[in-house]
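Q: Okay, here's what each chain looks like letter by letter:
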Amino acid sequence: MSKKKSMTISAILFLALIVIIVVLERMLPPTHIALAVLKKGCIYSLVAVSMNLLNGFTGLFSLGQAGFMLIGAYAYAVLTIPVADRASVYMYFDGGIIQFSVPVFVGLLASGLLAALCAWLIGLPVLRLKSDYLAIATLGFAEIIRAFFQWDKLGVVTNGSNMLRKYPTFSTTLFPFLVSAACIGVMVLMINSSYGRAFKAIRDDEIAAEAMGINLAKHKRMAFCVSSFFAGVGGGLLAMYQTSIQAMTFKSSMTYEILLIVVIGGLGSVTGSCLASFLFIASSEWWLRFLDTEMTIGGFKVPLLRSGFRKVVFSVIIMVIVLFARRGIMGDREFSVDGICRFFKNLGKKKEVKQ
Amino acid sequence: MSTNVLRVSDITMQFGGVVAVDNLSLEVNEGEIVALIGPNGAGKTTAFNCITGVYEPSNGAVSFYGKELVESYPHGKMKKLYKGENVGKYTKRLVPTPDKITKEGIARTFQNIRLFSTMTVFENVLIAKHMRAKQNLLTATFRLNHAEEARMRAETLELLKMQHLDHLRDEIAGSLPYGIQRRLEIARALATNPKLLLLDEPAAGMNPQETQELADFIRQIRDEYKLTIFIIEHHMDLVMRISDRVYVLDFGKLLAHGTPEEVQNNPHVIEAYLGVSQDA
Ligand SMILES: Nc1ncnc2c1ncn2[C@@H]1O[C@H](COP(=O)(O)OP(=O)(O)O)[C@@H](O)[C@H]1O
Ligand SMILES: [Mg+2]
Numbered sequence: 001m002s003k004k005k006s007m008t009i010s011a012i013l014f015l016a017l018i019v020i021i022v023v024l025e026r027m028l029p030p031t032h033i034a035l036a037v038l039k040k041g042c043i044y045s046l047v048a049v050s051m052n053l054l055n056g057f058t059g060l061f062s063l064g065q066a067g068f069m070l071i072g073a074y075a076y077a078v079l080t081i082p083v084a085d086r087a088s089v090y091m092y093f094d095g096g097i098i099q100f101s102v103p104v105f106v107g108l109l110a111s112g113l114l115a116a117l118c119a120w121l122i123g124l125p126v127l128r129l130k131s132d133y134l135a136i137a138t139l140g141f142a143e144i145i146r147a148f149f150q151w152d153k154l155g156v157v158t159n160g161s162n163m164l165r166k167y168p169t170f171s172t173t174l175f176p177f178l179v180s181a182a183c184i185g186v187m188v189l190m191i192n193s194s195y196g197r198a199f200k201a202i203r204d205d206e207i208a209a210e211a212m213g214i215n216l217a218k219h220k221r222m223a224f225c226v227s228s229f230f231a232g233v234g235g236g237l238l239a240m241y242q243t244s245i246q247a248m249t250f251k252s253s254m255t256y257e258i259l260l261i262v263v264i265g266g267l268g269s270v271t272g273s274c275l276a277s278f279l280f281i282a283s284s285e286w287w288l289r290f291l292d293t294e295m296t297i298g299g300f301k302v303p304l305l306r307s308g309f310r311k312v313v314f315s316v317i318i319m320v321i322v323l324f325a326r327r328g329i330m331g332d333r334e335f336s337v338d339g340i341c342r343f344f345k346n347l348g349k350k351k352e353v354k355q
Numbered sequence: 001m002s003t004n005v006l007r008v009s010d011i012t013m014q015f016g017g018v019v020a021v022d023n024l025s026l027e028v029n030e031g032e033i034v035a036l037i038g039p040n041g042a043g044k045t046t047a048f049n050c051i052t053g054v055y056e057p058s059n060g061a062v063s064f065y066g067k068e069l070v071e072s073y074p075h076g077k078m079k080k081l082y083k084g085e086n087v088g089k090y091t092k093r094l095v096p097t098p099d100k101i102t103k104e105g106i107a108r109t110f111q112n113i114r115l116f117s118t119m120t121v122f123e124n125v126l127i128a129k130h131m132r133a134k135q136n137l138l139t140a141t142f143r144l145n146h147a148e149e150a151r152m153r154a155e156t157l158e159l160l161k162m163q164h165l166d167h168l169r170d171e172i173a174g175s176l177p178y179g180i181q182r183r184l185e186i187a188r189a190l191a192t193n194p195k196l197l198l199l200d201e202p203a204a205g206m207n208p209q210e211t212q213e214l215a216d217f218i219r220q221i222r223d224e225y226k227l228t229i230f231i232i233e234h235h236m237d238l239v240m241r242i243s244d245r246v247y248v249l250d251f252g253k254l255l256a257h258g259t260p261e262e263v264q265n266n267p268h269v270i271e272a273y274l275g276v277s278q279d280a
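Residue numbers (my numbering), protein chains in the order written: chain R, 1 to 355; chain Y, 1 to 280.
Chain Y extracted, bound-state conformation (with noise of 0.2 Å):
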């Protein structure tokens, strides 16, 4: 039985009157590749959003590695609002900054890649070595922090290597192609030095033949980093061709979820998702 990194409870997201995610509990063990998939606006990112620290679940909790990372519960003017599942179940409120949750080493893309534009390809992925570099504003002003910088500076060339952008280090990041962009986000989140990567919807935009690269490069980053990874997708051969298990959401509620086969054969899903995306 393989350890378990993630483990989302009962995770409720209320925006307003608007459910975003309706109590949704799942499970990501050490090593696995799992998906979660569902149609637009089912709360996907939504999920991811409560998971990294972005917005605080309206109830339920999450925990990483055994160790809780975030929990809360309706409070304030949500006490009236709230229209979910659980109440009284979850008492506590521990609601980390995002900064905390990377910290505790949990590294995430973004749907709409967000990079640092005016920066360049190198220094993109620099930033993610400095908060756990050993320095503080006045040594690093000073540069009495060489070394650290130094140790900083080989390990993000390292990485760019490994990852073929080396090349492309001195470019303006926000200059570069999309794909390039796509990948530098991947790696940028790799430098953090993650146990656990969630991808956005990694896949969007590209084309058959960049899907198929991403999904080896998904599996082999995989093994090379020894991650477990938790990624959102909608091309649903990319989902098959590599997840060990799928989650499919769908207005919020979880539908299904099982190994691709079950799902791809659930009723529920095919009625709900896959039919709207054939018909598509």
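With the rest of the complex left out, here is chain R (with noise of 0.2 Å):
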């Protein structure tokens, strides 16, 4: 199929899925779980794809993402409260230090260069660091600048460990759903890149890669960069999307959720990272609601069903998936246009060849 058509037709879907949205917003109460979920697994979908361009396409085992999120989060809100809200929300800091605010772009594109910034000063001693050392030394800059936004002393800028709120949010699906896809859309070109290229080379072998002219340093920071870039969007977008933020919420175990999504869809492959993002949250936050509340069906008192049994459900799923599909959903395919019509032209020939 000619490059063109199959453009054309992942043209046609993406306008689908905006029609969707609209139409199940058209449809479904405001508060309808379904639309949260949308909502959340956009934003995880950015968050999982800017972490599999570092652990899936470069190979760099990182497990910063919190870390770099609540950076975009904290950038977000801080920069975006309206000056007015200012007094209350920083209340314990007589109004803050910071007694400006800027329109939401600008605070998403902050959120999304603070954080590169950050990736870019601890790039250098990390990155000369291999695979679970790697792992270990941004795992600990996540924890560090979790307790360092809560410190007291930059409580004029951070609001210490209390919550910031009043900035502005969105009301909306499609908001998240065109800032994600626009951000894994700058990702999917990167990735296609020379640079992108680079970049897969230096997964596959390092020492080959040198040796082709790559400046591993050089390379393995950007990589860094961008990918910390675009979980710091995702941070601004998660900090919208919840109305109120803590230091306190960016866990490492939202790391671990995020690097689940990432592996069960396939280390390198973007539509992979994105199908897992869905289910995941879906599963998580839906779905699997059920299993937490005790039932009775006719008098009968169905067991085990009580508050927590949704976890315990859940670990067994994704160990089933990790033990049966150890490279994901996807492996490292991608989903496209052109795949499902050869499958469905195999499809074909088989059928062909029985008869």
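The set of hints was computed from the structure by calculation and includes no laboratory data.
All residues carry an ideal CB built from backbone N, CA and C; glycine is no exception.
Mixed in with the good hints, there may be bad ones.
If the Cβ cut is set under 7 Å, some of the chain Y residues that face chain R in the computed set are [stated by the list, open to error]: (1) D99; (2) T102; (3) R108; (4) R114; (5) F116; (6) S117; (7) E123; (8) A140; (9) T192.
Below, simulated BS3-like cross-link-like pairs (lysine-lysine); rule was C-alpha separation at most 25 Å, straight line [as the list claims (entries may be wrong)]: (10) Y:K134 to R:K218; (11) Y:K103 to R:K218; (12) R:K166 to R:K153.
Fit chain to chain and form the complex, with the hints in mind.
A: Laid out in structure tokens, this is it:
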């Protein structure tokens, strides 16, 4: 199939998704769980793809994602709270020292840039470490950042361990969808560019990549900064979604969730990460909810169903996936219009052979 | 008198207490095919790694077309441990990373093939064009470098055609037969536009027929790309057939050097190396 044709079909599919979202928003009550899942799914897709860029495409096992999201979330919230509301938000810190506020998109851009700047600063020492050590160092960084943002002395900026709120949020699902889609689009373009190839070369064989003239330190740092930039934007979106944030909530368990999504979706598959994000969020927040509530059918109390059981089932499902589909749903392949057409063609061929 | 391409001066590489390369000096001149031979564990690959920046030598220097590329002297813990010679002769530390060396014009292959195994044949070669492309992360991402990208692709395709690999361009490198992987690795090294090519046991695992073809191939690329070639090899017949000069390494030390005939008839060499391989 020609490139043009498959691009047209992809564009049509994208528009169809937008239409579906608009229709769902019209039909469902605004508090319906499906809409919440869609919003959070979009945000997690973005963060998962950004993590995949590092872990799946460049082969750097980093666990700092929650830290960079936190930086992004705070950058967004701190910069966009309207001046009039600052006194009430920063009530323990005399209204804070920042007495201006920027528009939403500038705030999101700042989220990404600040996260990228931090990545650039810690990149030099941290990226020299290999595999497990890199994971430990980045995990440590995320924990330090979390403590740092709760530090009282910084309260005039970060509000200490108190909540940040009253910053602009979004009501329509289209907002996180479009922002995430644009960001993921940029990452896909990059993965398919000369630099993306260099990242994959580093993943496949560092020594050979270096022998091909690829500057390891520079390219690793680049991947790290880009990944952190988009994690930061994702953090900003998450802040908007949650309407209020606190550093406390950006625990390492958040990084593990995203890592799980990346692994389930397939290391090195962008569409896998997106698909897995929605499945993960839908399962953990919606489809498996019923496991947490006690249920009686015709006077018979269903055993095991109680608060917390959902987590047990969820863990079992993940273990099964990791055991039986070690390379994730997609492996390192991508979900594409071309691929689907080929799949159906092959299906047709097989049937013909049988006849 | 032809120009000197590579000059290795008093290189010693010591790992802890093990001296893998001991005070090695050698020269390779323009247009030559020079072989480095020696029993297993003699330090041949280690010597390559010192030239290409994979290891920082414990002592000694490397220059390329008269320009100093690498220099080091025992420092840190090695100060006390160092067992080699020429202490104090080198006083500078110049240790570029391997990518810098490649940019200078030295390409190499590896003893145990190192391809980008999940990438296609085409991409494997295309990677070599990345380092010299006029682009940055933004222009590449937003396709503002399309002229440059098109040039990279065209050059890659041309090289693949010349190496008769273009029919395999979309195959995944890791799934190719061994012999083709070896050829692809050489093609990939050529794609960096080197002046000097280092080949580490390119005939390993090949049968006599394939080895013969490889000999012709090496001479052919030397002439076609105006290369100088420095080759580590185990197959004595290949070495004798193609090389202009031979260096023999044993336990890290230079044992002999000269034309293939001279080396073949050197009693030390026969004892240390040829004798062993004739018994085997
Ligand atoms: N990174 C290293 N650390 C410790 N010892 C090494 C290292 N690399 C090579 N050596 C040692 O150096 C010696 C020479 O190895 P090598 O250069 O691979 O030999 P050759 O290529 O001639 O077969 C061997 O004894 C090997 O164990
Ligand atoms: Mg070797």
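Q: Tell me, in ascending order, the numbers of any earlier hints that this structure violates.
A: Hints that this structure does not satisfy do not exist here, as all of them hold.
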